[in-house]
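*Asks:* Fit chain U to the given chain B structure using the hints.
Chains B and U, in that order, give the protein sequences. 198 is the number that numbering that gives the first Met the number 0 gives to position 199 of the first sequence; each next residue is one higher, with no gaps. 338 is the number that numbering that gives the first Met the number 0 gives to position 339 of the second sequence; each next residue is one higher, with no gaps.
Simulated from the structure, these hints should not be mistaken for lab results. Note that CB positions come from ideal geometry on N, CA and C, so glycine has one too. Certain hints may be false.
To be verified - Output of the computed footprint for chain U on chain B, the stretches with three or more beta carbons under 8 Å from beta carbons of chain U: (1) 14 to 27; (2) 55 to 69; (3) 77 to 90.
Number of protein chains: 2
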Amino acid sequence: MALIVQKFGGTSVGTVERIQAVADKVKGFREQGHDIVVVVSAMSGETNRLIGLANEIQARPTPREMDVLVSTGEQVTIALLSMALNERGCPARSYTGGQVRIRTDSTHTKARIKKIDEEHMRSDLAEGRVVVVAGFQGMDEAGNITTLGRGGSDTTAVALAAALKADECQIYTDVDGVYTTDPRVVDNARRLPRITFEEMLEMASLGSKVLQIRSVEFAGKYNVPLRVLHSFQEGPGTLITFEEDNEMEDPLISGIAFNRDEAKLTVKGVPDIPGVASKILGPISRANIEVDMIIQNVSEDKTTDFTFTVHRNDFDHSLEVLEATAKELGATQVVGDNKIAKVSIVGVGMRSHAGVASAMFDALAREGINIQVISTSEIKVSVVIAEKYLELAVRALHSAFELDKITGEPE
Amino acid sequence: MALIVQKFGGTSVGTVERIQAVADKVKGFREQGHDIVVVVSAMSGETNRLIGLANEIQARPTPREMDVLVSTGEQVTIALLSMALNERGCPARSYTGGQVRIRTDSTHTKARIKKIDEEHMRSDLAEGRVVVVAGFQGMDEAGNITTLGRGGSDTTAVALAAALKADECQIYTDVDGVYTTDPRVVDNARRLPRITFEEMLEMASLGSKVLQIRSVEFAGKYNVPLRVLHSFQEGPGTLITFEEDNEMEDPLISGIAFNRDEAKLTVKGVPDIPGVASKILGPISRANIEVDMIIQNVSEDKTTDFTFTVHRNDFDHSLEVLEATAKELGATQVVGDNKIAKVSIVGVGMRSHAGVASAMFDALAREGINIQVISTSEIKVSVVIAEKYLELAVRALHSAFELDKITGEPE
Numbered sequence: 000m001a002l003i004v005q006k007f008g009g010t011s012v013g014t015v016e017r018i019q020a021v022a023d024k025v026k027g028f029r030e031q032g033h034d035i036v037v038v039v040s041a042m043s044g045e046t047n048r049l050i051g052l053a054n055e056i057q058a059r060p061t062p063r064e065m066d067v068l069v070s071t072g073e074q075v076t077i078a079l080l081s082m083a084l085n086e087r088g089c090p091a092r093s094y095t096g097g098q099v100r101i102r103t104d105s106t107h108t109k110a111r112i113k114k115i116d117e118e119h120m121r122s123d124l125a126e127g128r129v130v131v132v133a134g135f136q137g138m139d140e141a142g143n144i145t146t147l148g149r150g151g152s153d154t155t156a157v158a159l160a161a162a163l164k165a166d167e168c169q170i171y172t173d174v175d176g177v178y179t180t181d182p183r184v185v186d187n188a189r190r191l192p193r194i195t196f197e198e199m200l201e202m203a204s205l206g207s208k209v210l211q212i213r214s215v216e217f218a219g220k221y222n223v224p225l226r227v228l229h230s231f232q233e234g235p236g237t238l239i240t241f242e243e244d245n246e247m248e249d250p251l252i253s254g255i256a257f258n259r260d261e262a263k264l265t266v267k268g269v270p271d272i273p274g275v276a277s278k279i280l281g282p283i284s285r286a287n288i289e290v291d292m293i294i295q296n297v298s299e300d301k302t303t304d305f306t307f308t309v310h311r312n313d314f315d316h317s318l319e320v321l322e323a324t325a326k327e328l329g330a331t332q333v334v335g336d337n338k339i340a341k342v343s344i345v346g347v348g349m350r351s352h353a354g355v356a357s358a359m360f361d362a363l364a365r366e367g368i369n370i371q372v373i374s375t376s377e378i379k380v381s382v383v384i385a386e387k388y389l390e391l392a393v394r395a396l397h398s399a400f401e402l403d404k405i406t407g408e409p410e
Numbered sequence: 000m001a002l003i004v005q006k007f008g009g010t011s012v013g014t015v016e017r018i019q020a021v022a023d024k025v026k027g028f029r030e031q032g033h034d035i036v037v038v039v040s041a042m043s044g045e046t047n048r049l050i051g052l053a054n055e056i057q058a059r060p061t062p063r064e065m066d067v068l069v070s071t072g073e074q075v076t077i078a079l080l081s082m083a084l085n086e087r088g089c090p091a092r093s094y095t096g097g098q099v100r101i102r103t104d105s106t107h108t109k110a111r112i113k114k115i116d117e118e119h120m121r122s123d124l125a126e127g128r129v130v131v132v133a134g135f136q137g138m139d140e141a142g143n144i145t146t147l148g149r150g151g152s153d154t155t156a157v158a159l160a161a162a163l164k165a166d167e168c169q170i171y172t173d174v175d176g177v178y179t180t181d182p183r184v185v186d187n188a189r190r191l192p193r194i195t196f197e198e199m200l201e202m203a204s205l206g207s208k209v210l211q212i213r214s215v216e217f218a219g220k221y222n223v224p225l226r227v228l229h230s231f232q233e234g235p236g237t238l239i240t241f242e243e244d245n246e247m248e249d250p251l252i253s254g255i256a257f258n259r260d261e262a263k264l265t266v267k268g269v270p271d272i273p274g275v276a277s278k279i280l281g282p283i284s285r286a287n288i289e290v291d292m293i294i295q296n297v298s299e300d301k302t303t304d305f306t307f308t309v310h311r312n313d314f315d316h317s318l319e320v321l322e323a324t325a326k327e328l329g330a331t332q333v334v335g336d337n338k339i340a341k342v343s344i345v346g347v348g349m350r351s352h353a354g355v356a357s358a359m360f361d362a363l364a365r366e367g368i369n370i371q372v373i374s375t376s377e378i379k380v381s382v383v384i385a386e387k388y389l390e391l392a393v394r395a396l397h398s399a400f401e402l403d404k405i406t407g408e409p410e
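Chain B on its own, in the form it takes in the complex (with noise of 0.2 Å):
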C-alpha cells in the first residue's frame, strides 16, 4: 500500500497497443492496494510531428505558441490511457499541466515548476481513482500553457512525487535500468542495482540518456526516490539512491560514462594575467555556445595556454569568435580539433580511495591511448582523448575497475 508515481514515455506510449499494454500494468499495480498517479509523454513521433508543422510556418516558431501546439501531444495520451484504464474497469481520470496546477514561470519552451496544488489528484485518489497527468507542460500565473523543455515529462514526474510526497517515482524506459556503461559499446556492461543521485547526475551530463537531469536534480533537492525501469519487462530496475540511507561500502567505480559530440579548442600563449579567462570565454559565452571543460595550466614564462571543450557543432563558430580574442589578446595561436571523445569513470567511492585517476591513467597507457586533457571532481574523472580511441578506452577502463562483476539487487 504505498502512493507510487509512475512515469511513462514516448516510446512506452507509442501506439494504442503500448497504451493499452502499460493501462494493463497500472491495473496490475492498483490490483496490489497501491494508489497510482501515472504521467505520461506524448506518443513517440507526435511531438517532432508538431514541431514540423510549425516550422513549415515560421522558421523560429512564437515560443507561446510552440508551447500551445506540442502540449497537445501529452494532452492526446492522457485521454488515450484515462480511457484505457477506464474500459478495464480501473476508474481514471486526466488532467493538463494547467488542470492540475502546476505552476510554471514563463519562460516557453523551458518553464521551470514553480509549485504545484495536489488538491486535486489528493481527492481523486481518495476516491480511488488513478490520476492521469500530462508531463512536460504546466500553467504560467497568467494561464499560458508552458512546457518544460523535451525530455520534462521526468521532471513533471518527479515534482509531483514530490508534492505528493510519494513513496517512490518510477521512471519508465526502453531500458531495464542504468547500466555501469553503453552496453552497446562494452557487452558486458552490467545493470547496476543501485546507484547514487550525484553518481546520476555526473552519468546523465556525460551523455547516459536515461534520465533528464533536472528531473534526478530535482529528485536529490526533495528526497524523491527514483527507480528506473523497462516499460514492457519485468525486473527490478535501478534505484536512485540518496547517499546518506547507503550504508554499504560503495564500489569505487559505478560507471563509465562518454560523449562523441565534443570539440576541443585551444588558445596559445595567452598572457597570464588576472581577468584573462573571462575575456576568453566572455566573447563564447555571449554567441551562446555552451563551454563544458575547462582548462588552464600553470604558466611557465608569462603566458598560459587555455583549453576547453564545446559541443562539436559550435565547433566553426567557436573558432571564429576565438581568433577574434586571440587577436585582442595578443595570443599566439588558436588550435582546435573536432575529433575527440571525452571519457569519464563515475563514483562516490573515488572520495575516499586516492588512486582511482592513476589506475584510470594506467589502464589508457596500457593500451597505447594518449590523454589529452584532464578534468577531475569529487567524484569523477574525465579525460579527453582522440576520437578513434573511444570505444577501445570504454571496455579498457570497464574491465580495470571490475564492472562486469557487478551484481545484486537494490534494497
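*Replies:* Just chain U now, with coordinates in the frame of chain B:
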C-alpha cells in the same frame, strides 16, 4: 473600423498552406483597421483521426476523456494560425476554450455555453493583437474540458460575437453563401444575398448544412449579425438578418430544403381517444428515437391513422417498438416506408400571402408527384413524397417559385 468575429472551419484550415491563406486573409482585414477575433476548428480529418484512436480503445469512450482528446484538434490549429499571423507581422495570441473562459455546463461531448468572460480578448484587442480562439470547446465550473459537439465552432464564434457585441460574425465555409436549394440538384440554384434567421433555422433543420442550427438560434437570441462567406473566394456571401430590420418586401419563398434521411411510419385504425398520441410516441422516445414530422388527421368513425417520420437509421427499430404498442392499443395495422423524402419550401413571405401551399401542391401535381404527408408551420410547408421523385420535385418547385431569378447583394 469594426469588431469582427471570423470563423474558419476544418476544411479552411486543413493544411499548413490553407492556414497561411487564412492568415493572409485575416491580415488583410487588420490592415483595413478592423479588430479581429478568429475562431478555428480542427484541421480537417484530425477530429476523426482522434476519434478513431479512442474507438480502438473503448467502444464507447468515456465522455470526459473524449473531450480532453478531441479538444487538442483545435488547440493545434490556434497555435499554427497564431504563428502564421506573427510571421506576417500581425501580432496574434491563441486561446483554448478554457483559457478564454468559455464556461459551459458539464454535459461532456455536447456541452452548452453558459457564459463568456471577454476580458482577455478585450485587452489583447486593445493592444492591437488578433485573438485566435479554439472553437468547439469550453471548460465547466470544475475546470474539466468540455466540447460543444460537432460543428460547435460556429456556436463558439456566435457566442464570442455576442459577448463582445461584435459588429458582425462571419462564418467562412466551402460555399459562398446560402443557396435557394442544393446546386447539385438544381443547376440554376441562386445564392441568397440575405435570409432571415427564421428561414435559416428552417433551412438548417431541414437539411441545408451550411450552418449549425444551434449557432443560428444563438445568433438570433443575441441579435448577432451573421454572414456566411467562402473561405478562399471573394464575395459578399449571405447575410442572415433579423426580420425586424428588414424593410424590403420579403420574397415569397427563400429556398427549398430537402432531406433523404427520413422514414415514415403509420399506425392504422388507432382508437381516437385522448392520450393516444403519447401512448404511441412515448415508447419511441424512450427508445431514444427522434421523431421529426407528426401527423394525425381528423378521424372517421371512432378510429384514426397516426403517422410520423424518423431518421432512416431508426426505421427498423421504430417498427419493432410500434408493433408492440399497436397490439396494446388494439390498432389495426402498422405500415412503414423508408423510401421517402421530405421536401420543404421556406419563406417568411408566406405568412402574409395566401396560396403558397396550393401553388406548391399544383407544381407537384403538374409533375404527377403524389403527396403522402403534408405538414406546415408559419414559414414553411413540408411534404413527404416517394424518394424517387425528390430531384424532380425540387426542380419543379425551384422553377415554380422563380427562385432562379433572385439577384442582388446584401445591404
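*Asks:* Check each numbered hint against the structure and report the violated ones by number, ascending.
*Replies:* none
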